[in-house]
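Undergrad: The residues making up each chain are set out below.
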Amino acid sequence: MHLLHLGRPVDATTQNIILNLRLPRIIAAMLIGAALAISGTAFQSIFKNPLVSPDLLGVSNGAAAGAAIAILLGFRTASIQMMAFLVGLAAVLLALLLQSLLNSKTTITLVLAGIIISGFMQAVIGLLKYLADPEQQLPDITYWQLGSLEKVTPHNLLLVAPSLLIAGIILFLFRWRLNVLTLNAAEATTLGVNLRIEQGIVILCATILTAGSVCLSGTVGWIGLVIPHAARLVGGQNNARALPLSAILGAAFLLILDTIARTISAGEIPLGILTGFIGTPLFVWLLLKKRVNLS
Amino acid sequence: MTTLAAQHLAFGYRSQRPLFQELNLNLKSGQINCILGPNGVGKSTLLNCLTGVYQPTSGQVLLDDVDLHQIAAQKRAKKIAYVPQMSTDRTMVNFSLRDYVLLGRAPYLKLLTTPSAADYAKADAALAKLGIAELGNQPYQAVSGGQQQLASIARALLQEPALIIFDEPTSALDVANQVRVLHLIQQLATAGYGILLTTHDPNQALLLNAVVSTLDKAGHFQTGLATEILTNETLSAVYQLPLRVVTIPETNQRTCVVDQQQIEN
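Chains as they are written, first to last, in the working numbering: chain A, 1 to 295; chain B, 296 to 560.
In short, the hints are calculated from the structure, not lab data.
Fair warning: there could be bad hints in the mix.
Mimicking DSS-like on lysine-lysine, the simulated pairs with C-alpha atoms at most 27 Å apart in a straight line are [unchecked claim]:
#1 Lys105(A) - Lys129(A)
#2 Lys374(B) - Lys105(A)
#3 Lys289(A) - Lys129(A)
#4 Lys424(B) - Lys370(B)
#5 Lys424(B) - Lys374(B)
#6 Lys374(B) - Lys323(B)
#7 Lys48(A) - Lys373(B)
#8 Lys405(B) - Lys373(B)
#9 Lys374(B) - Lys405(B)
#10 Lys373(B) - Lys323(B)
#11 Lys373(B) - Lys512(B)
#12 Lys370(B) - Lys105(A)
#13 Lys373(B) - Lys105(A)
#14 Lys370(B) - Lys405(B)
#15 Lys105(A) - Lys405(B)
#16 Lys323(B) - Lys48(A)
#17 Lys129(A) - Lys290(A)
#18 Lys373(B) - Lys424(B)
#19 Lys323(B) - Lys370(B)
#20 Lys129(A) - Lys48(A)
#21 Lys370(B) - Lys48(A)
Remember, predicted model here, so these are calculated numbers, not experimental data.
Please build the complete structure, drawing on both the sequences and the hints.
TA: The following block contains the structure:
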């Protein structure tokens with residue numbers, strides 16, 4: 001197959017590098033960046049709080065715990081990713097279950113349930129790290145938690161991408177509706193919203209986006225918090241504009257960061273470290289620009 | 296003609312004494328009903344029962360003779376609009392005023408769709424009707440409290456409802472804006488909307504030509520014409536304070552004042 005018609009045949013090695021290594025990685029970076037940014041935008045809207053990130057309900061820590069379990073059991077990459085995805089989803093389901101066990105429908109109870117499940121998952125990770133073989137498994141778990149796109153292959157990308165695309169498209173179509181969900185419960189209900197169903201749809205899609213991202217890349221923080229702010233600064237609070245814009249900014253941001261991560265030094269710098277070092281000052285700058293009301 | 300009727304309504308928060316019991320209330324198109332009572336007696340809770348947000352502990356609310364909870368939220372929203380109290384948390388609501396007003400089209404839009412040009416035209420028309428057309432592009436949090444209240448009323452109009460329910464529409468406004476909003480409420484009733492509003496200020500009730508209900512801390516609920524209900528005895532009992540309704544001779548207006556002499560004695 002000729003990749004480009006440049007008048008010269010492309011040699012097999014180059015073709016292999018581009019098609020099997022670079023291209024999946026570029027697509028993964030853009031997909032994950034967009035997915036995390038979209039789910040952050042959606043979560044900030046339905047939880048009515050600009051400080052919320054997509055891992056509020058425990059999906060990231062759940063996914064990390066799932067990955068750690070799989071690493072300890074000696075699974076291969078694809079199975080580790082699947083475990084991360086499933087336990088990430090399970091963590092959010094547990095948070096929702098805990099909310100109904102506490103006999104409450106309020107958002108604040110759900111947030112607390114998320115904090116509890118997150119904390120529990122962190123304890124699980126701690127225990128697994130303590131039990132892990134320090135030569136091989138412990139570095140694997142730690143490295144996974146730092147985030148990287150190194151292990152993306154065409155195969156596992158194809159496995160995860162459809163669910164990311166479907167959840168992303170549903171949230172995209174839901175973008176105007178998010179504005180209505182930003183209002184308090186009484187207002188939204190009197191505007192004809194069935195809160196249980198509509199919040200459920202948003203939580204489910206955002207969780208699939210985050211769990212799908214985290215299972216491919218490991219934990220990559222800050223994108224889901226910072227990019228929605230950047231999008232709202234540029235395009236205004238209206239989610240009909242902010243959501244697509246945050247998808248574009250998120251995709252571009254992670255693509256640039258991943259390029260830096262694999263080119264700046266001989267080895268690869270884990271993505272989570274870069275997003276932290278670049279995301280935090282960027283967030284401060286955005287807050288200065290926007291002077292958001294955090295009260 | 297649309298009617299909203301509360302029958303034998305009671306509501307109490309978990310294991311607490313009910314805020315009200317055996318409450319009966321009727322609202323019709325073209326009518327104003329003003330619910331008067333001190334802070335914290337459960338006026339907002341009552342409104343949440345009447346809009347279908349809360350399920351009453353007992354009794355029922357009928358919209359055109361059908362139990363409110365048998366009607367889907369979306370269908371209810373085409374009949375009853377709700378204008379929230381100004382103190383509502385608005386951290387994330389900083390859309391342009393036009394986008395804010397546009398939220399009133401939600402009951403008419405399918406789940407995965409966005410507003411059409413016709414919806415935007417309706418939002419602009421409502422902004423113009425309330426005299427804030429030039430503020431359409433301003434962020435919600437950049438305009439004054441009075442203008443935010445007008446935008447919330449415009450949002451309610453976009454629901455094309457028969458009835459509009461206001462929670463303390465004037466409590467956060469200065470006197471000029473209070474009069475403006477009350478005047479607007481009168482106009483809406485004349486135009487055929489049924490209006491239900493709450494207030495903690497007896498003078499607001501005196502300003503409106505309305506059916507008045509009082510709700511007090513013991514959960515007592517009385518309804519009648521303003522002239523019957525707004526008397527020294529009833530008001531003093533509701534607020535547990537010596538109050539007097541006096542007529543200002545020059546304007547022949549009735550107003551409610553605190554009887555200082557009785558307090559000092």
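Undergrad: Now, for every hint given, state plainly whether the structure supports it.
TA: So, going through the hints one by one against the coordinates:
1. In summary, the hint linking Lys105(A) to Lys129(A) is not supported, as the alpha carbons are separated by about 35 Å, beyond the 27 Å threshold.
2. Distance check on the hinted pair: Lys374(B) and Lys105(A) sit about 26 Å apart at the alpha-carbon level, within 27 Å; holds.
3. Restraint check for Lys289(A) and Lys129(A): the C-alpha separation of about 41 Å exceeds 27 Å, so the hint is violated.
4. A hinted pair counts as satisfied when its Cα atoms are at most 27 Å apart, and Lys424(B) with Lys370(B) qualifies at roughly 25 Å.
5. Pair hint Lys424(B) plus Lys374(B) holds up; C-alpha atoms about 20 Å apart against a cutoff of 27 Å.
6. Distance hint between Lys374(B) and Lys323(B) is fulfilled; the C-alpha atoms sit about 12 Å from each other, no more than 27 Å.
7. Of the pairs offered as hints, the one joining Lys48(A) and Lys373(B) holds, with about 25 Å between alpha carbons and a cut-off of 27 Å not exceeded.
8. Annotation: proposed proximity of Lys405(B) to Lys373(B) holds, straight-line Cα distance about 14 Å (limit 27 Å).
9. Proposed proximity of Lys374(B) and Lys405(B) is supported: the alpha carbons are some 17 Å apart, at most 27 Å.
10. Using a Cα cut-off of 27 Å, the hinted pair Lys373(B) and Lys323(B) holds, with the two alpha carbons roughly 16 Å apart.
11. For the hint pairing Lys373(B) with Lys512(B), the CA-to-CA distance comes to about 33 Å; that exceeds 27 Å, so the pair is violated.
12. Only pairs whose Cα atoms come within 27 Å are accepted, and Lys370(B) paired with Lys105(A) is accepted, the gap being roughly 23 Å.
13. Between the alpha carbons of Lys373(B) and Lys105(A) the distance comes to roughly 25 Å, so the proposed pair stays at or under 27 Å and holds.
14. Restraint check: the Cα-Cα separation between Lys370(B) and Lys405(B) comes to about 12 Å, which is no more than 27 Å; the hinted pair holds.
15. The suggested pairing of Lys105(A) with Lys405(B) holds, with an alpha-carbon distance near 25 Å, which does not exceed 27 Å.
16. Between Lys323(B) and Lys48(A), the direct Cα distance comes to roughly 35 Å. Violation of the 27 Å bound is thereby established for this hinted pair.
17. A C-alpha spacing of about 40 Å is found between Lys129(A) and Lys290(A), which places the hinted pair above 27 Å, so the restraint is violated.
18. In summary, the hint linking Lys373(B) to Lys424(B) is supported, as the alpha carbons are separated by about 20 Å, within the 27 Å threshold.
19. Distance hint between Lys323(B) and Lys370(B) is fulfilled; the C-alpha atoms sit about 18 Å from each other, no more than 27 Å.
20. Between the alpha carbons of Lys129(A) and Lys48(A) the distance comes to roughly 35 Å, so the proposed pair goes past 27 Å and is violated.
21. At most 27 Å may separate the alpha-carbon atoms for a hinted pair to count; Lys370(B) and Lys48(A) meet this at roughly 25 Å.
Hints 1, 3, 11, 16, 17, 20 from the list above are not met by this structure, while the remaining hints are.
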